[in-house]
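Add chain B to chain A, keeping to what the hints say.
Residue numbers (the numbering used here), protein chains in the order written: chain A, 1 to 448; chain B, 1 to 334.
I should point out that these hints are in silico values taken from the structure, not numbers from a laboratory.
It cannot be assumed that every hint is accurate.
Claimed, not checked - Here are the simulated lysine to aspartate or glutamate pairs, EDC-like style, with alpha carbons at most 20 Å apart: (1) A:LYS81 - A:GLU101; (2) A:LYS232 - A:ASP13; (3) B:LYS70 - A:GLU395; (4) A:LYS434 - A:GLU399; (5) A:LYS280 - A:ASP103; (6) A:LYS222 - A:GLU260; (7) A:LYS434 - A:GLU395; (8) A:LYS280 - A:GLU25; (9) B:LYS68 - A:ASP323; (10) B:LYS322 - A:GLU358; (11) B:LYS3 - A:ASP339; (12) B:LYS322 - A:GLU401; (13) B:LYS2 - A:GLU183; (14) A:LYS294 - A:GLU360; (15) A:LYS5 - B:GLU330; (16) A:LYS232 - A:ASP211; (17) B:LYS322 - A:ASP404; (18) B:LYS2 - A:GLU358; (19) B:LYS322 - A:ASP407; (20) B:LYS3 - A:GLU360; (21) B:LYS322 - A:GLU399.
What the hints assert, rightly or not - Only part of the chain B face toward chain A is listed, based on derived beta-carbon distances under 10 Å: (22) VAL6; (23) HIS13; (24) GLN119; (25) LYS167; (26) ILE217; (27) GLY237; (28) LYS282; (29) ARG324; (30) GLN326; (31) PHE328.
Backbone N, C-alpha and C define an ideal beta-carbon position, used for all residues, glycine too.
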Amino acid sequence: MRTFKIGGVHPHDNKQFSAHQAIKECPLPKQAIIPLVQHIGAPAQAVVKAGDKVKVGELLAQAGGFVSANICSPVSGTVAKIGDWTDAWGAPGQAIYIDVEGDEWLPEIDRTPDLIRQCTLEPKAIIDKIAAAGIVGLGGACFPTHVKLLPPPGKKAEVLIVNGVECEPYLTCDHQLMMEHGEEIIIGIQILKKALGVERAIIGIENNKPDAIAHMRELAEKQLGIEVMPLKLRYPQGGEKQLIDACINRQVPSGALPIEVGAVVDNVATIYAVYEAVQKNKPLISRVMTVTGKNVSKPGNYSVRFGTPIEEVIALAGGVPADTGKIIGGGPMMGRAMDHIEGMPANKRLSGLLFLPEAESIRPEEENCIRCGKCVQACPMGLEPYLLSRLAELEMYDELEKHDVMDCIDCGCCVFTCPAHRRLLDGIRPGKAKVGAILRERAAAAKK
Amino acid sequence: MKKLIVAPAPHAHSGDSVRRNMLLVILALLPAYVVSVIEFGWGALITACISILACVCTEYVISRYILKEKRQTIGDLSAVLTGLLLAFNLPSNLDWWIVLIGAIVAIGVGKMTFGGLGQNPFNPALVGRVFLLISFPAQMTTWPVANGFATRYLDAETGATPLYYLKHMVKAGDASVIDQLPSLMDSFLGVMGGSLGEVCALALILGGIFLICMRVITWHIPVAILATVACFAACTGWAGAPPEGMGTCQYVGYELLTGGLMLGAFFMATDYVTSPMSGWGKIIFGIGIGFIVMVIRTWGNYPEGMSFAILIMNACVPLLNKIRPQRFGEPKKA
Numbered sequence: 001m002r003t004f005k006i007g008g009v010h011p012h013d014n015k016q017f018s019a020h021q022a023i024k025e026c027p028l029p030k031q032a033i034i035p036l037v038q039h040i041g042a043p044a045q046a047v048v049k050a051g052d053k054v055k056v057g058e059l060l061a062q063a064g065g066f067v068s069a070n071i072c073s074p075v076s077g078t079v080a081k082i083g084d085w086t087d088a089w090g091a092p093g094q095a096i097y098i099d100v101e102g103d104e105w106l107p108e109i110d111r112t113p114d115l116i117r118q119c120t121l122e123p124k125a126i127i128d129k130i131a132a133a134g135i136v137g138l139g140g141a142c143f144p145t146h147v148k149l150l151p152p153p154g155k156k157a158e159v160l161i162v163n164g165v166e167c168e169p170y171l172t173c174d175h176q177l178m179m180e181h182g183e184e185i186i187i188g189i190q191i192l193k194k195a196l197g198v199e200r201a202i203i204g205i206e207n208n209k210p211d212a213i214a215h216m217r218e219l220a221e222k223q224l225g226i227e228v229m230p231l232k233l234r235y236p237q238g239g240e241k242q243l244i245d246a247c248i249n250r251q252v253p254s255g256a257l258p259i260e261v262g263a264v265v266d267n268v269a270t271i272y273a274v275y276e277a278v279q280k281n282k283p284l285i286s287r288v289m290t291v292t293g294k295n296v297s298k299p300g301n302y303s304v305r306f307g308t309p310i311e312e313v314i315a316l317a318g319g320v321p322a323d324t325g326k327i328i329g330g331g332p333m334m335g336r337a338m339d340h341i342e343g344m345p346a347n348k349r350l351s352g353l354l355f356l357p358e359a360e361s362i363r364p365e366e367e368n369c370i371r372c373g374k375c376v377q378a379c380p381m382g383l384e385p386y387l388l389s390r391l392a393e394l395e396m397y398d399e400l401e402k403h404d405v406m407d408c409i410d411c412g413c414c415v416f417t418c419p420a421h422r423r424l425l426d427g428i429r430p431g432k433a434k435v436g437a438i439l440r441e442r443a444a445a446a447k448k
Numbered sequence: 001m002k003k004l005i006v007a008p009a010p011h012a013h014s015g016d017s018v019r020r021n022m023l024l025v026i027l028a029l030l031p032a033y034v035v036s037v038i039e040f041g042w043g044a045l046i047t048a049c050i051s052i053l054a055c056v057c058t059e060y061v062i063s064r065y066i067l068k069e070k071r072q073t074i075g076d077l078s079a080v081l082t083g084l085l086l087a088f089n090l091p092s093n094l095d096w097w098i099v100l101i102g103a104i105v106a107i108g109v110g111k112m113t114f115g116g117l118g119q120n121p122f123n124p125a126l127v128g129r130v131f132l133l134i135s136f137p138a139q140m141t142t143w144p145v146a147n148g149f150a151t152r153y154l155d156a157e158t159g160a161t162p163l164y165y166l167k168h169m170v171k172a173g174d175a176s177v178i179d180q181l182p183s184l185m186d187s188f189l190g191v192m193g194g195s196l197g198e199v200c201a202l203a204l205i206l207g208g209i210f211l212i213c214m215r216v217i218t219w220h221i222p223v224a225i226l227a228t229v230a231c232f233a234a235c236t237g238w239a240g241a242p243p244e245g246m247g248t249c250q251y252v253g254y255e256l257l258t259g260g261l262m263l264g265a266f267f268m269a270t271d272y273v274t275s276p277m278s279g280w281g282k283i284i285f286g287i288g289i290g291f292i293v294m295v296i297r298t299w300g301n302y303p304e305g306m307s308f309a310i311l312i313m314n315a316c317v318p319l320l321n322k323i324r325p326q327r328f329g330e331p332k333k334a
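Next comes chain A alone, as it looks inside the complex (with noise of 0.2 Å):
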């Protein structure tokens, strides 16, 4: 079975807290907080104003440049206000805040269950569904979609990598909607397919889901043009690079994307939503989130509308259980801890929430390097993370430029595997985005 060729490591998946949890409708909240910044790029500029009416899927939020991302409006009401806002981890911003009104849809969008499979639309027609929906990917990343549906002059996307792999522990929201929305994902693949002007898709499945295998092969099965890849457990499998390695044993060179090798890479959720914006004109105005923790009474997937305060989709779960030490937006690797979880909403950002009971949340004591090499092992990109966390503590950026800390793709394996409990990613992490304004520095100074 295939997998990723450099380092990975092997954590607890612990999925089977939520796994097979039939994806749950949350009920609509009573105000809706819309964050103007669920994507990776500019803010979206508000194209609305206080006291304006909304329907379900109106555009609320422009996209604020070429990578940036619409928001449509998840609810229907009245515009309470456009007001500043911090997230759950502290960093301000503004959101835009509707008290709900009923749930009245704009009458364009197809709300019915019926499958549709026809899709005559042109490419260019599609890119421009689906940057209107407002997608970005659902991975985590949560890059705009239609961006990455463009390739740059001269550049030629080959395949279309389809990210089920899902390998961050406890999540398991990917895996139900494959379960449940598979067809739907098939036909968005083909839609995709057929927007990047490709013949071939693959879809990567990690082994610890064998019945998502099973079904995806199924439907493919009658499909031109799709293959399902069964590929070995290991994390950071779902990681862009390390995907296309392992499903087309092509390596994506260092700071380029990975339409260099010829590859497009979108995960699962975000297949579903184009199909969704594409074949019913629905835009991206919820997610599935997976809640979940050792101690959470009804861990489960939840299909949540964007802006619902998360403190209302915890409690469909069962509320914080009561040893709660860390929630976490996201999974264990990669997700961040969360400093407060009133007047966080559900966005496009969130797969999910972790609660981490007291004892697992409280790192244990750094001790000595004993310059063992494991993180050497670990690291999917080939880096030496022991020297890349000292060089960052000596502030010696031009060696850790030299080193390839730009490569660095924050998966946690070095911090994961070491013995001495260093916490080499506190070091690399504020190391990097120094190298990274010195690098943007360089280069504006050269263009002068």
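What follows is chain B alone, placed relative to chain A:
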């Protein structure tokens, strides 16, 4: 609601620890130690106990009273391991006070002067051993004969090691001592003279394979050392190095199975702190050790050179760490 704990990702850990790795290495050494106790009796028990106790006490005293560290590190078992490895490298009939000096030098000079675990450039157990070898050459090269569980400790019957005979035969051209050599099978099972823990190749290989399977060490260093020694011995064997009456294969066998080679290849050279980080670094490190040990054995004055070979290559580790691992997406190195 009570305050949430905030920390950067990742929020999961493999459960691995320094202590676990040290414990697994100690476990892997136990089969060889059991053989030693059977062969050398009380001497093996007493030497190991003194060495381990002295190492642990030295680390504690220096850390607590000289460095005034708040957190003590003897619980990570690295000092226990150093003590055990030092004992493995000593003759089992060594006077207790010499063992004590060796342990104090190993931990005090070899490890704590540099700042404790992870900071030392040289393998501490070997620093202790080589210090003793140079200071007490006579006592350090008088090995008891392996003859079943000996109840005697200091006045054990002594004799030379196979490598000593081999050297004697090669250097002096004295083929008469060939009868003194144990059979290859005896060398494999450890029925021969030598340092406390180095005699049983079988037990050491089993321990080494256990460590590789448990992912405590990787295959690179031991394989590189053993392959280099075998190639070197085969080449010099063809060139006429082995004495009359001994075939090339037999000669290669003796070079591999006797002396400190197996102990060194699996347990001493693979010491985390003093070996390189990357795969290629480890392979070159191993080749270097194999080469140096064979040069010393073949042309040097000492019958055995594993300690020196490892220490010399330890000194090269910072340089070998300049070798980068294969980066993702980088064209394969030639």
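Results of checking the hints against the structure:
1. A:LYS81 - A:GLU101: Satisfied, since the Cα-Cα distance of roughly 15 Å is no more than 20 Å.
2. A:LYS232 - A:ASP13: holds (13 Å)
3. B:LYS70 - A:GLU395: At roughly 27 Å apart (the allowed maximum being 20 Å), GLU395 of chain A and LYS70 of chain B break the hint.
4. A:LYS434 - A:GLU399: Holds. LYS434 of chain A to GLU399 of chain A sits at ~12 Å (cutoff 20 Å).
5. A:LYS280 - A:ASP103: It holds: about 17 Å lies between the C-alpha atoms, which stays within 20 Å.
6. A:LYS222 - A:GLU260: This hinted pair is violated, its Cα atoms lying about 30 Å apart.
7. A:LYS434 - A:GLU395: holds (9 Å)
8. A:LYS280 - A:GLU25: Distance ~19 Å between LYS280 of chain A and GLU25 of chain A Cα, so the pair holds.
9. B:LYS68 - A:ASP323: violated (37 Å)
10. B:LYS322 - A:GLU358: violated (41 Å)
11. B:LYS3 - A:ASP339: OK: LYS3 of chain B and ASP339 of chain A at ~8 Å, within 20 Å.
12. B:LYS322 - A:GLU401: Status holds; Cα separation ~15 Å.
13. B:LYS2 - A:GLU183: violated (44 Å)
14. A:LYS294 - A:GLU360: The given pair, whose Cα atoms are some 11 Å apart, holds under the 20 Å limit.
15. A:LYS5 - B:GLU330: Status holds; Cα separation ~12 Å.
16. A:LYS232 - A:ASP211: holds (15 Å)
17. B:LYS322 - A:ASP404: holds (14 Å)
18. B:LYS2 - A:GLU358: Measuring from Cα to Cα gives roughly 11 Å; hence the hint holds.
19. B:LYS322 - A:ASP407: holds (18 Å)
20. B:LYS3 - A:GLU360: holds (15 Å)
21. B:LYS322 - A:GLU399: holds (12 Å)
22. VAL6: Nearest chain A Cβ about 5 Å off; hint holds.
23. HIS13: holds (6 Å)
24. GLN119: The hint holds - GLN119 of chain B has a Cβ within 10 Å of chain A, the shortest such distance being about 7 Å.
25. LYS167: violated (35 Å)
26. ILE217: With a closest approach of 9 Å, the ILE217 of chain B hint holds.
27. GLY237: Violated, because the Cβ-Cβ distance from GLY237 of chain B to chain A comes to roughly 34 Å (cut-off 10 Å).
28. LYS282: holds (8 Å)
29. ARG324: This hint holds: ARG324 of chain B lies near chain A, its Cβ roughly 7 Å from the closest one there, short of 10 Å.
30. GLN326: Holds. Min distance 5 Å.
31. PHE328: holds (4 Å)
Comparing the model with each earlier hint shows violations of hints 3, 6, 9, 10, 13, 25, 27; every other hint is respected.
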